[in-house]
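Protein chains: 2
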Amino acid sequence: MSVYTPLNEEQIIEILSNYSIGKSGVVDGIKEGITNSNYFLKTSVSEYVLTIFEDDNVNLDFCLNYMEHLARKSIPCPQPIQTNSNDSYILYDKKKLAIFSKLKGQTVSNAKITNEMCSQVGKVLAQMHMYSEDFKKNFSGVRNRDWFLNTYNKVQGELNKENASLLDEEIKRYLNYDCKELPTGIIHSDLFRDNVMFQKNTLTGVLDFYYACNGYFIYDLAITVNDWCTNSTFKIDHDKQKSLIGAYEQVRRLKNIEKKEWNTMLRFASLRFWLSRLNDQLFPTDGDLTTVLDPDHFKNILKDRKNYSDKLE
Amino acid sequence: MSVYTPLNEEQIIEILSNYSIGKSGVVDGIKEGITNSNYFLKTSVSEYVLTIFEDDNVNLDFCLNYMEHLARKSIPCPQPIQTNSNDSYILYDKKKLAIFSKLKGQTVSNAKITNEMCSQVGKVLAQMHMYSEDFKKNFSGVRNRDWFLNTYNKVQGELNKENASLLDEEIKRYLNYDCKELPTGIIHSDLFRDNVMFQKNTLTGVLDFYYACNGYFIYDLAITVNDWCTNSTFKIDHDKQKSLIGAYEQVRRLKNIEKKEWNTMLRFASLRFWLSRLNDQLFPTDGDLTTVLDPDHFKNILKDRKNYSDKLE
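The listed protein sequences correspond, in order, to chains A and B.
Residues in the first sequence are numbered from 1 upward in steps of one, following the working numbering.
Residues in the second sequence are numbered from 1 upward in steps of one, following the working numbering.
Looking at chain A on its own, in the form it has when it is part of the complex (with noise of 0.2 Å):
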């Protein structure tokens, strides 16, 4: 988010007073992030990442909760500092308001993607798969099957016949779709490049887990390797994919339901981002974007997971 509010020397210590992590401090805006204002805040006990929530569409407390379940078994995650009276967050200008540690490393967005980043992605979204297990919260999130439907509704009038046509028969697919047999979890749902960090080739961080919901594991996967192994003319880079996957496997195997299964998640994988790009691009929101990502990008991997019958062996 670029449009954030300055926190002032005043507001800081106000804020501050609610923690016991020093009485004063200085903030700076992150640019990055596009629905919450980010800052760095730095007190003299440590350094912490300030989030102002925007969106009041989020499930905070069961975010903020995954999050901790995370962190207590050691996923590398931002932990929300508990507040003197053992919250998880404060209620700041009528907005919410949290403070995470701070990771070390950088988000890899613009890197060059190696097979041993992907095989250590690969292995942190098994981990989180598994560590879901005796998490006893749930949610539908907040990109669930209403959402595609009532989005479909919103944009379908205004795309052009080819878009339509085939926003048409990947969305019934996806509404018609239900396969009980999918080991389910709690997903992350979001583990583009722009949410994991590392340090010297090593993976120090996991970021916003504001999109994590009840979920079929597999899917989570075919998010993630739609990000992490697509290649420049939007094909799957069967080199990385198989670190993903291969290292992914090491952690939790997969059920010969889910390999079944990949091609239809790659797509369903597909639709969901060009979904949301296409909302974003139709109906921009006053301020709270700083770039309309391009919705042709997964259009073009849609088309190409919809050509191509991919499977796991």
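The hints are simulated quantities; they were obtained by calculation from the structure and are not laboratory data.
It cannot be assumed that every hint is accurate.
You can't tell identical chains apart in this list, so a pair holds if it fits in one copy or across any two.
What the hints assert, rightly or not - When the alpha-carbon atoms are kept at most 30 Å apart in a straight line, the in silico DSSO-like pairs for lysine-lysine are as follows: (1) Lys23 <-> Lys311; (2) Lys200 <-> Lys104; (3) Lys136 <-> Lys23; (4) Lys260 <-> Lys23; (5) Lys259 <-> Lys180; (6) Lys255 <-> Lys303; (7) Lys303 <-> Lys242; (8) Lys102 <-> Lys137; (9) Lys23 <-> Lys242; (10) Lys180 <-> Lys23.
Keep in mind the model is a prediction, meaning the values are calculated, not measured.
Assemble the complex: chain A is given as a structure, and chain B must be docked to it using the hints.
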């Protein structure tokens, strides 16, 4: 602890049935550690440390809660993995057993200590002190005033004249001391080199919270300085002390009363470890000590601190 019960495959499977961290794993005994049995545990999901608490004397709820509290503030410490029923430990074979996240790095007991290491230790100690502000539980600790008195009564008849006289004098000073102006909170109480891990000159772990309790912050600092900043002639290495306390003060500024009481605290901190080592030497407990540490090391430190009234500026 060198004498540990090897855990067999069946036992591991039984233990792991309480957790969501994989269904089977391999363990390997860890030689370090004195009162507990520690094992490396590797499952398909990740690597952990499994601890069996051989000594019932520990206030385990307090320790584990405190570790969780610090981990939530991103102090690098082992985090107790929650069981499927959200407990921090299980009862196994009548003993308490906990599984922790495994930290990177190695302890530096036998490494050359640099000023930079001291600086990082000072910083993390101050962070722990600051973070203890919103930790709600209290515990007087296993090395409290009662322990000093009881242990003194137990060992005094066994000492030669010189030791008896030195101990008498120092114990009296200790028991009569009460300074209400000194800032207090939860202190680690044992931040020796055995309990801090580094990886490539970066502090990656603080271990062993089993002596953590309420106490004077400045006493904790003295315990730490006595181990990290003492040279081979038992004197303070002033460069190291400057690095350690300098970094501490970047996070938490010492009050004048703390500076004034510095020498007294160095003496109390020496006394504590002299006394506990005397006790271990005179009354060894069968099988639960790898090596009896030399009490004279801390007697010499105590004598140095007694004759050298060190003040902080």
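Any of the earlier hints contradicted here, and which numbers?
Going through the list in order, the structure violates no hint and respects every one.
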